[in-house]
Structure formats: C-alpha cells, structure tokens
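Visitor: Chains as they are written, first to last, in my numbering: chain A, -7 to 253; chain B, 671 to 920.
None of these hints come from the bench; they were simulated from the model.
In this text, a Cβ means the ideal position worked out from N, Cα and C, and glycines have one as well.
Please note that a few of the clues may not be correct.
If you want a taste of the chain A side facing chain B, the calculated C-beta under 10 Å gives, among others [said to hold, decoys possible]:
1) Arg79
2) Ala147
3) Ala148
4) Glu230
Among chain B residues calculated to face chain A with C-beta under 10 Å, some are [claimed, not checked]:
5) Gly745
6) Leu758
7) Pro760
8) Ala888
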Amino acid sequence: MIRPRARRIVGAVVAFGLTALAWEAFARSGSLPPAITPPLEAIAAALAGMIRDGTLFVHVGYTLARIGSGLALAALVGVPLGMLMGRVRSIERFVLPLVSVLSPIPSLAWVPLFILWFGLGNTASVALVFYAALFPLILNTWTGVCAVNRLWIRAAESMGAGSGAIFRHVVLPGALPFVIAGLRQAFARGWIAVVGGEMIAATRWGLGWVIFDSKEFLNTDVMLGSLAVIGLLGLGVERLVFAALERRTVERWGLVRGTSA
Amino acid sequence: MRHIEIAKVGYEYAGTAGPVTALREVTVDVATSEFLCLVGRSGCGKTTLLNLVAGFLSPTRGEIRISGRIVTGHGLDRGVVFQDFAQLFPWRTAQRNVEFGLEMRGAGAAERSETARRFLRLVDLERFAGAYPHELSGGMQQRVAIARALAYNPAVLLMDEPFAALDALTRDEMQRLLVDVWAETRKTVLYVTHNVAEAVYLADRVIVLSPHPGTVVADVRVALPRPRDPLSLAFLEYQRTIVGHLGGRG
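Based on the sequences and whatever the hints tell you, model everything.
Guide: Structure (structure tokens):
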C-alpha cells in the first residue's frame, strides 16, 4: 500500500511543479504587464504578509463560519425534509416539484435579491450557502431513504420493531451513505456560493471579499494567494472532515468502498 | 401437539393479467419441535406460504394458527431467516445484530450481551462477535442470521432457503450445524427449499408443493435416524420418492 501512495504523491508534486514553472515562465515573459501577472515569489510574499499581520486568519475564519452555519442550517432543514419525503408520499409529491425547479438555479444568481432582502453582510452570505447546500441534502437524503433495503425492514419487523424503531434503527443508518454523499455535494456547492457571495455581499472580511477588494488596487498577488488558500482549504475540509466521517461509518460497515488516500 | 395449523389457506394477488392464485386449499399441520421442509419448484408458492406464516402477508382464504392463535401479523413468537446475506444490518457488528430482537423487547444491556454471546457460541461464531457483516463470509453471515432469529427465543423458526446462495461444501457444513442447533433448541422449524437432498437431510417431514396454483401433492415422513448419511440407500430412496412427487424423472 505504500508504493501506490508514494507514487500518487510524486505525481502530485510533479504536476504542481510543472504548473508553477509554466506560470513563472509566463509571468516573466512580459506578454502581459507584470503588475497583473505576479511571479510566485510575489504571491508567496503577499501571503506571508497576510499571515504575519493575521488578516488571513480573520478572512479564513469569516469564510469558514459562514459556510459552517449555512451548511448546518441546510442540514437541519434538508435532512429531516428528505427523510419525510422518503416516508410520506404526499410530502414527496408536494416538495419534489419545488426542489426540482429551485435546485438548478445557480445560487449566485440570487445574490442581488439576497442583498436587497438581507442587506450586505453575514446574513446574505449565510443565506446563499443555505440555498446552495439545501437541495443536494434534500435530494440525497430522499434517495437514501427510498434505497433502504426492504429486507432490513422485514427483518426488523419480524423481530418486533415498530415503525419508530425501524426509522431510528434501520432507515436512519441505512440512508447514511447517501446523507454523507449529500453533505459532500452540499459543501462543494456551498464553498462556491460563499466565496462568490462574499465578493459582492460581504463588507470587510472573507476570502471572496479579499479577492474582490484587491481588484481596486491591482493587488493581483493577494488575489492569487487567496485563490490558493481557497483551493487548499476546500481540499482540506473534504479530506479531513468528509473522508474521516466516511471512514468511521459507511466504509467501516462495507456500504461503500474506500476512496480516501 | 399441533403448533402451527395451516387450514385451507389460499392466497391470491393482482397480476398484470388479472388475479393470480398463488396457493389453493393448502392444509398443513406442524407439530411442536418438528422440522418441516416445504419443497417445490420455483413459483410453487412455498415462499408465499412461509411469508403467510411469518405474517408478512395475509391469506385471502382460510387461516393460520400458531399455538391456537390466529396469525394476523408478525410477532416475536417467530424468528425469520432469509436467503439473502444482506438481511443483516451492515452498521451493526455480529453481536449487535444478534442483540436486535432483545433490544426491541426492551431487554437490559447485560442480558442482551450475555444472550447474544450464547447464541453466537451456538453457531460457533463467538470469536467474530465484534466483526461487521461485510467482514464475514456468506456462511458466517447466515449463521449470524440464525443466531439473531433465535436470540429472542421465538418458538418457531421460519427459514427461506437460507443456504441456497452458499457453495456446496459450506452448505453441507451449515446443514450439519443447523441440525445440531435444532436438536439443542427444539424449535418448531418451517424450512423452504428447492433442494431435495437438503430436505431429506434436515426434515422430519417433507411437504411437496406443485405450482399453478400451489397445492400440497405429498406429505413424506422421513424416518431416518440422525445424523443422516446422504450416500446411504435409504436416503437415496427418499430422494427418489420426493423427486417423483415433484414430477421429475425419479
């Protein structure tokens, strides 16, 4: 198991190295003004500056808090709603058309309206994450409840489980692989929504806001540095939170095969 | 003493081309602690009959009584083992699967754990108490399922081709184990299979069903001492008789 893993790491290092080299060559070629194509050194210096004065951590903190609360609210609403849809036909018939129409609308298309409704600031960003995260959670949970093996329910019934016990001991854990997949998708969509939303709706802090604000002063090094942080953070949460959650639950139960490194 | 009484039971369901009669006028009595096999070709309604006794379905004619009481739904007086390995809960260890029925009955943690251990020992899986189902082989999973169906102490064990998906060697082993478990627990067993040799090996009595609609065509008492030798002449003679009732070449 060590060799394929080592090979993957080497592959990643080579890919990033070559991309960095290509960027460096392009940045120093002078085909675009140096002010808008900063070399790696300048990007690193800008990041180091933000780390030293601590602003980077505040930006990251705001962005994470916004996506965290948006995701939590979406899970609080979406998971129970998806469960109900899977169990009660009339609720499914009522909710599904709404979800089907609202789900394809990109969350960022709501930004102007959300600003009018909630004003600039945290509320608009959180609402945006909530919107982006809600539908994958509803749809995946609903699918998960519908996909629960009938045999588990029969077995539980034969052992005297009532409908409440079946829901708690069979439907809930049985649907969990789908709920976790839903959380993953919700995070991916929420991450796009929070950065995009902060660009327009945030007022002083947040990774999206930093990028947009840097445009005023042509601070392309700060912009690129923040982009790198956004990418790394997204990957980090995916790997640390969701992969760990899967390892502890559905992978351990053999419901999905391991995909994490 | 009659434990299960199946009296003139019929079952009809709505098919795509009108109502289909799956079972007609089926009458079978099963004595307490008797091991009864239901044998028939696929589509003869043997699984339907088992599901009726389990209470997953209700007969459209006739009635089924267990210990004198009419069956109206599933109950803790019956334990069910299915063919599909997937019947175990993947998110519970073997031990916690076996505890499920006791948990539903409201038993305390100590009693649950002790009882589950005892039944895992009975199917020779005590060492695997902490394993999740996907870590166990098919035969081991079916053994856990048997332990789980027995742990809450039902008087009747209903089994729907529990070993049909196993390889031949494992199946032989499982049949021996089941006979031992039955001898020790003295449950009344209703066992569905399409495998004639399996039926002769396991059963006190073999009921042969014929399809379209499912009706009882033979009731064969297997008067062989246990453990039975599947290669003995008497064993083969029983097989020949039952295959004859099934309408095959005997």
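Visitor: Compare the structure with each hint and give your call.
Guide: Hints versus structure:
no., hint, verdict
1, Arg79, "violated, 19 Å"
2, Ala147, "holds, 5 Å"
3, Ala148, "holds, 7 Å"
4, Glu230, "violated, 23 Å"
5, Gly745, "holds, 7 Å"
6, Leu758, "holds, 8 Å"
7, Pro760, "holds, 4 Å"
8, Ala888, "violated, 29 Å"
Checked against the numbered hints above, the structure violates hints 1, 4, 8; every other hint is satisfied.
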